[in-house]
Amino acid sequence: MRAFTLDDLSKIMRQAGGGASELNAESASISFDDLGYDSLAVLEIAARIQEDFTVRLSDDIVERLATPNDAVSVVNELLAGGAR
Amino acid sequence: MSARAAITGMGILAPNGIGNEAYWRATLTGRCGIAEITRFDASGYPSRLAGVINDFDPASYVPSRLIAQTDLWSQFALAATAMALDDAGVDPASVPEFTLGVVTASSSAGNEFGQREIQKLWSRGPQFVGAYQSIAWFYAASTGQISIRHGARGACCVLVSEQASGLDALGQARRAIRSEAQVVVSGGTEAPLSPYALVCQLASGQLSDSADPERCFLPFDASARGHVPGEGGAILIVEDAAAAAARGARIYAEILGYAAGFDPWPGSAHSPSLARTISVALADAGITPRDVDVVFADAAAVPALDRSEAAAIETVFGPHAVPVTAPKTMVGRLYAGGAPLDVAAAVLAIRDGVIPPTSGVGELADGCRIDLVRGVTRPARLRTALVIARGFGGFNAALLVRAAD
Amino acid sequence: MITGIGVTAPGGVGTKAFWDLLTAGRTATRPISLFDATGFRSRIAAECDFVAEHAGLSVAEQARLDRVSQFAVACMREAMADSSLDFGAPPPERIGVVMGSAVGCTMRLEEQYVRVSDSGRNWLADATKGSPALYEYLVPSSIAAEVARRCGAAGPVTLISTGCTSGIDAIGHAAQLISEGSADVMIAGAADAPISPITSACFDAIKATSPNNDDPRHASRPFDNRRDGFVLAEGAAVLVLEEAEAARRRGADIYGEIRGFAARANAFHMTGLRPDGREMAEAIAVAMGRARVNADDIGYVNAHGSGTRQNDRHETSAVKRSLGGHAYRVPMSSIKSMVGHSLGAIGAIEIAACALVLRHQAIPPTANLEVPDPECDLDYVPLTARELGVDVVLSVASGFGGFQSAMILARPAAARR
Numbered sequence: 355m356r357a358f359t360l361d362d363l364s365k366i367m368r369q370a371g372g373g374a375s376e377l378n379a380e381s382a383s384i385s386f387d388d389l390g391y392d393s394l395a396v397l398e399i400a401a402r403i404q405e406d407f408t409v410r411l412s413d414d415i416v417e418r419l420a421t422p423n424d425a426v427s428v429v430n431e432l433l434a435g436g437a438r
Numbered sequence: 010m011s012a013r014a015a016i017t018g019m020g021i022l023a024p025n026g027i028g029n030e031a032y033w034r035a036t037l038t039g040r041c042g043i044a045e046i047t048r049f050d051a052s053g054y055p056s057r058l059a060g061v062i063n064d065f066d067p068a069s070y071v072p073s074r075l076i077a078q079t080d081l082w083s084q085f086a087l088a089a090t091a092m093a094l095d096d097a098g099v100d101p102a103s104v105p106e107f108t109l110g111v112v113t114a115s116s117s118a119g120n121e122f123g124q125r126e127i128q129k130l131w132s133r134g135p136q137f138v139g140a141y142q143s144i145a146w147f148y149a150a151s152t153g154q155i156s157i158r159h160g161a162r163g164a165c166c167v168l169v170s171e172q173a174s175g176l177d178a179l180g181q182a183r184r185a186i187r188s189e190a191q192v193v194v195s196g197g198t199e200a201p202l203s204p205y206a207l208v209c210q211l212a213s214g215q216l217s218d219s220a221d222p223e224r225c226f227l228p229f230d231a232s233a234r235g236h237v238p239g240e241g242g243a244i245l246i247v248e249d250a251a252a253a254a255a256r257g258a259r260i261y262a263e264i265l266g267y268a269a270g271f272d273p274w275p276g277s278a279h280s281p282s283l284a285r286t287i288s289v290a291l292a293d294a295g296i297t298p299r300d301v302d303v304v305f306a307d308a309a310a311v312p313a314l315d316r317s318e319a320a321a322i323e324t325v326f327g328p329h330a331v332p333v334t335a336p337k338t339m340v341g342r343l344y345a346g347g348a349p350l351d352v353a354a355a356v357l358a359i360r361d362g363v364i365p366p367t368s369g370v371g372e373l374a375d376g377c378r379i380d381l382v383r384g385v386t387r388p389a390r391l392r393t394a395l396v397i398a399r400g401f402g403g404f405n406a407a408l409l410v411r412a413a414d
Numbered sequence: 051m052i053t054g055i056g057v058t059a060p061g062g063v064g065t066k067a068f069w070d071l072l073t074a075g076r077t078a079t080r081p082i083s084l085f086d087a088t089g090f091r092s093r094i095a096a097e098c099d100f101v102a103e104h105a106g107l108s109v110a111e112q113a114r115l116d117r118v119s120q121f122a123v124a125c126m127r128e129a130m131a132d133s134s135l136d137f138g139a140p141p142p143e144r145i146g147v148v149m150g151s152a153v154g155c156t157m158r159l160e161e162q163y164v165r166v167s168d169s170g171r172n173w174l175a176d177a178t179k180g181s182p183a184l185y186e187y188l189v190p191s192s193i194a195a196e197v198a199r200r201c202g203a204a205g206p207v208t209l210i211s212t213g214c215t216s217g218i219d220a221i222g223h224a225a226q227l228i229s230e231g232s233a234d235v236m237i238a239g240a241a242d243a244p245i246s247p248i249t250s251a252c253f254d255a256i257k258a259t260s261p262n263n264d265d266p267r268h269a270s271r272p273f274d275n276r277r278d279g280f281v282l283a284e285g286a287a288v289l290v291l292e293e294a295e296a297a298r299r300r301g302a303d304i305y306g307e308i309r310g311f312a313a314r315a316n317a318f319h320m321t322g323l324r325p326d327g328r329e330m331a332e333a334i335a336v337a338m339g340r341a342r343v344n345a346d347d348i349g350y351v352n353a354h355g356s357g358t359r360q361n362d363r364h365e366t367s368a369v370k371r372s373l374g375g376h377a378y379r380v381p382m383s384s385i386k387s388m389v390g391h392s393l394g395a396i397g398a399i400e401i402a403a404c405a406l407v408l409r410h411q412a413i414p415p416t417a418n419l420e421v422p423d424p425e426c427d428l429d430y431v432p433l434t435a436r437e438l439g440v441d442v443v444l445s446v447a448s449g450f451g452g453f454q455s456a457m458i459l460a461r462p463a464a465a466r467r
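Chains as they are written, first to last, in the numbering used here: chain A, 355 to 438; chain B, 10 to 414; chain C, 51 to 467.
Looking at chain A on its own, in the form it has when it is part of the complex:
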């Protein structure tokens, strides 16, 4: 299973909550909230990650997703651990 990249996340963010720009190193460390993705959008992003990458993001994990960087590292942890 390949790694989950910022590009993957960027595409999902666009589908889930709109927004035009690509994520880069700088914007990836900005909070979802500041990037204009509210709590519903973050839940939607989490739902799509689960769907497309076959990982399970529990309630606790979703609460830890403050920035795109967080999301990328958390998802890759789960993928590496073979979590479903």
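These are calculated hints, taken from the structure and not from any lab test.
The C-beta atom is built at its ideal place from N, Cα and C for all residues, glycine as well.
Fair warning: there could be bad hints in the mix.
Chain C stretches covered by chain B per the calculated footprint, using a threshold of three residues with CB under 8 angstroms from any CB of chain B [to be verified]: (1) 325-339; (2) 370-378.
Quick partial rundown of chain C residues pointing at chain B, CB under 8 angstroms, derived from the structure [unchecked claim]: (3) V189; (4) Q226; (5) S229; (6) I248; (7) I256; (8) H319; (9) M320; (10) G322.
Starting from the structure of chain A, add chains B and C where the hints point.
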């Protein structure tokens, strides 16, 4: 003295034209917006025609983050609202807080969004239902989104009475103006063309199975065989007339009278109530039948319903006594968007002194003793229009608009 | 004037069973039985033990009507009988109906979807596999139509669907139609039967419902510091409203008067609430103004109290803003602690409860309230019902879309202390 409710802006999205003037030009030339449904493969259904809006680009009107969380129905509503506010010259931020309301009509709501989500649920599992289903499908979604987008904290409402919803919404907008609102975003839109919604409509037994876009929807015609569905609608800005005048607004027309009623159960002893509803609306307006210059009919195109509507018109006005028309023949029945679009057409007819035609209709059915404007437009001095709408299940409503003095 | 009440609520059939549940402080929340909720995040609901035959529904009616319409019709019948009004007496065009519903005929719509799509395998639904009543399930005005046909209404009939404020909004709208002279009698209420996979799943997706599946009876805990979401419920309530003079003339037994109603919106977020409760406070203030009551006239507040972390805090702020110091003296309780949150229906069920408060001079408690939340520091009537002389009641509601509504009811003048 009650505040008077003025229509100061309109935003039309119709199968034969996006925008007020595009719609009106198309309508006056009899241009039909009905075509084969292409959004999905409809070839297996007995009814395959609909009034479809091509070339609607939600991104032109709605930010992408809202597109992700709304059904097409709400995108229509947001777009039409933006157009209507612009047309009215109303800046929501300048309307005193709590006096800007949103009262819309709803019928099948966010059915396509809902079908996508329910498909995920049943084909893959509940965890695949997304976060936006809770806000995109339900009947109040458009009103909620409009309220948020434009900062409308006044009285909001959503009325559902199928095709009569739009008149009920405008009647409620007028009520709000009389009690607490200065401006109300009203009217409604519809997007009933998901496969599941189409299957639901087929169950009503009222959809036309004709394959000819020009002759599929023939109200009052001897060959009437049902209607076709359509998408789109109209958002109207209803404003306190005095406040509108004070800000130098262009006032299209006043909502002069309104009434609603309900038809008894088939087979019951009571008689149909449409004639009475129209009479109550006239009384509410303080006018007589002679004062009405044109009638925009509900135009169900179901023979029994056509006869019943024609009979009601005849009872109130006399046979062939007032011009009647149904430009919805060019776009279909738009349900929550239908009556608002008819009101918008009535307003434009009054403005331009011309009655739009009912397209496709030839010989009238027996018992329809109405002066139906067919084929081409009819110039006329128009001051007052009656709009009739009936909703599946027995709902009926009548609304009168009159030119601003 | 409220002259008749009919209630179908979790925990017992009919108005009397409903009031008994409320005064006993019993909860009707339990594991979901209406569908197999394996795999769902929240597997709790407050369900109605509804027996259609007992509610007078024929086999044909049961086949054709969605559960939500069956609830509505059952409540309509109870309310009409309760009012003792001869519905054949007023001219039919002076009788109207306003029903509220948030999600309409969602159970049948889902059930039929499964059949016509072959359990979601086909995007192109099969028109030959659906019920002949499918269109009635798609457009929820059918709920109002079913009621109107049976009560002989030929006046204004409509359905209001404003999410979780549908019930209070429908009753407010009906009262307005009477006071403006468009009708003399209104059947007004709301119904929702949302306990089905799609509705449960959509609330799971936003984590709005309580996942406290190991303790369903205590899962709905408004204002409690441990609260973790609302419990989905079903139910309905219908009232008979009559023009005041006509009600008095015929010697009707009047529960109370709808004295004021107001609806506002927060224009903030479809589901989120700011903690300051400004717009709900505004709705309350306007309703009070219309009712010509001051804060200290209010003897009881029937809260929205859904049990989500944000709602209960938002509502507490709103009540403090609008009632000032009196907020700390007036008892306020949430019956959702006992009958769950039935979306659009609950607003009408709560108004029915308010009318019963005025009749019986007692207030229901907030069940399950054991650990106070420091941010929710009002008197929420924990655990035990209270006998109390009450002349004026405030009911509030809040819903998706940002809608905030408030209603003031008062005891009929003759009955007041």
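Consistency of the hints with the structure:
no.: 1; hint: 325-339; verdict: holds (count 3)
no.: 2; hint: 370-378; verdict: violated (count 0)
no.: 3; hint: V189; verdict: holds, 5 angstroms
no.: 4; hint: Q226; verdict: holds, 7 angstroms
no.: 5; hint: S229; verdict: violated, 10 angstroms
no.: 6; hint: I248; verdict: holds, 5 angstroms
no.: 7; hint: I256; verdict: holds, 5 angstroms
no.: 8; hint: H319; verdict: holds, 7 angstroms
no.: 9; hint: M320; verdict: holds, 4 angstroms
no.: 10; hint: G322; verdict: violated, 10 angstroms
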